[in-house]
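**Student:** This is what each chain is made of:
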Amino acid sequence: MLFCHPESDASTAKHKGLGKQFGITALPGLAFFTADAELIVQIPASPHSVAQFEKYRQRAQQMLLLRTGAAKGEPRAAAQWLIAQLEERQVDLVAGQKRRALLAEENDTERARLDELLLNLQIGAEILAVHGSPEQRRVLGARYLDMLGKGMRPSPEVTRGFWFVILEHCEAAADVRGFTIGLEGLRREVERSAAGAEWGEKLVRSFEQKLEKLKAGK
Amino acid sequence: MHRAFAAIVLLAAVAVAQDGNTKPTQEQLLAAELASPFLQKAPWRTDWDDALAAAKAQKQMLFGYFTTVNH
Numbered sequence: 013m014l015f016c017h018p019e020s021d022a023s024t025a026k027h028k029g030l031g032k033q034f035g036i037t038a039l040p041g042l043a044f045f046t047a048d049a050e051l052i053v054q055i056p057a058s059p060h061s062v063a064q065f066e067k068y069r070q071r072a073q074q075m076l077l078l079r080t081g082a083a084k085g086e087p088r089a090a091a092q093w094l095i096a097q098l099e100e101r102q103v104d105l106v107a108g109q110k111r112r113a114l115l116a117e118e119n120d121t122e123r124a125r126l127d128e129l130l131l132n133l134q135i136g137a138e139i140l141a142v143h144g145s146p147e148q149r150r151v152l153g154a155r156y157l158d159m160l161g162k163g164m165r166p167s168p169e170v171t172r173g174f175w176f177v178i179l180e181h182c183e184a185a186a187d188v189r190g191f192t193i194g195l196e197g198l199r200r201e202v203e204r205s206a207a208g209a210e211w212g213e214k215l216v217r218s219f220e221q222k223l224e225k226l227k228a229g230k
Numbered sequence: 002m003h004r005a006f007a008a009i010v011l012l013a014a015v016a017v018a019q020d021g022n023t024k025p026t027q028e029q030l031l032a033a034e035l036a037s038p039f040l041q042k043a044p045w046r047t048d049w050d051d052a053l054a055a056a057k058a059q060k061q062m063l064f065g066y067f068t069t070v071n072h
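Protein chains in written order, with this note's numbering: chain A, 13 to 230; chain B, 2 to 72.
Isolated chain A (complex conformation):
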């Protein structure tokens, strides 16, 4: 079922602000809904394609099945429904932690995925909290580098800021090894999210140049 809503300030416009009700603020916005007007999943704001549409159509159907299964009390469905909602950023950190505590069981794969997704959210909140303070960002970067060294890893979808604060710390500390680790992480994140875009390549290059300067300074 297709629905098109042109957002307009026209006095005759129907359903003003409809998209906003569902958290769709960046236009154009594409999303799947149930017939009860519940948002199932929103297609990310990346270059839209047929393949992307099809991928998210299937994702929407999968999420509906998981939600139904979770409502029926199926243990696998409950964990996987929470994972799906975390992946689609439909659940915040506090709600995610509460719901996880209520899960009857998690298998090893689900446990690992929930760990990294909730860690992503925690990292996002921590970075937001130190926004505007270069010193606190570097402190956070040092902690995250240490965390990586101990084997705790966020998922590939972690905010780019995670790598930025690590790089900022390592640059200030003239830590070539740590900067290399951060740069590799940033490179992977940009490959995943920027898909060859020029801005992504420029960004990585700028940090590669910083690495060369760091090495030269040793």
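Be aware that a few hints might be false.
BS3-like cross-link-like pairs, simulated, lysine-lysine; straight-line CA separation at most 30 angstroms [to be verified]:
{"hint": "1", "chain 1": "A", "residue 1": "Lys162", "chain 2": "B", "residue 2": "Lys57"}
{"hint": "2", "chain 1": "B", "residue 1": "Lys57", "chain 2": "A", "residue 2": "Lys227"}
{"hint": "3", "chain 1": "A", "residue 1": "Lys110", "chain 2": "A", "residue 2": "Lys32"}
Simulated DEER-style distance windows between Cβ atoms [to be verified]:
{"hint": "4", "chain 1": "A", "residue 1": "Ala113", "chain 2": "B", "residue 2": "Thr26", "range": "47 to 57 angstroms"}
{"hint": "5", "chain 1": "B", "residue 1": "Thr26", "chain 2": "A", "residue 2": "Ala107", "range": "35 to 45 angstroms"}
{"hint": "6", "chain 1": "B", "residue 1": "Ala58", "chain 2": "A", "residue 2": "Leu30", "range": "18 to 28 angstroms"}
These aren't lab readings, by the way, just hints derived from the structure by calculation. Source: prediction; values computed, not measured. Note that CB positions come from ideal geometry on N, CA and C, so glycine has one too.
Dock chain B against chain A, hints included.
**Tutor:** What follows is chain B alone, placed relative to chain A:
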């Protein structure tokens, strides 16, 4: 659940005819958007309640396309 109807469409920008000195009104822009070729090519609905009712009757998901008329 029936498979959601998936229509592959491309949004065609509709140029609003205007003289050189007059900016189109919001109503004109909205009318032009609603007259877009893509909206004629597939059974898009522009009434939310109507679309929901149809989706419920046909046991389908709803695919929503939210756009702006401020080109």
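**Student:** Each of the hints needs a verdict: does it hold here or not?
**Tutor:** Status of each hint after checking the structure:
1. A:Lys162 to B:Lys57: Since the Cα atoms of lysine 162 of chain A and lysine 57 of chain B sit roughly 51 angstroms apart, the hinted pair is violated (cutoff 30 angstroms).
2. B:Lys57 to A:Lys227: It is violated: about 63 angstroms lies between the C-alpha atoms, which goes past 30 angstroms.
3. A:Lys110 to A:Lys32: Given pair lysine 110 of chain A, lysine 32 of chain A holds - Cα atoms ~27 angstroms apart, limit 30 angstroms.
4. A:Ala113 to B:Thr26: 47 to 57 angstroms: holds (54 angstroms)
5. B:Thr26 to A:Ala107: 35 to 45 angstroms: holds (43 angstroms)
6. B:Ala58 to A:Leu30: 18 to 28 angstroms: holds (21 angstroms)
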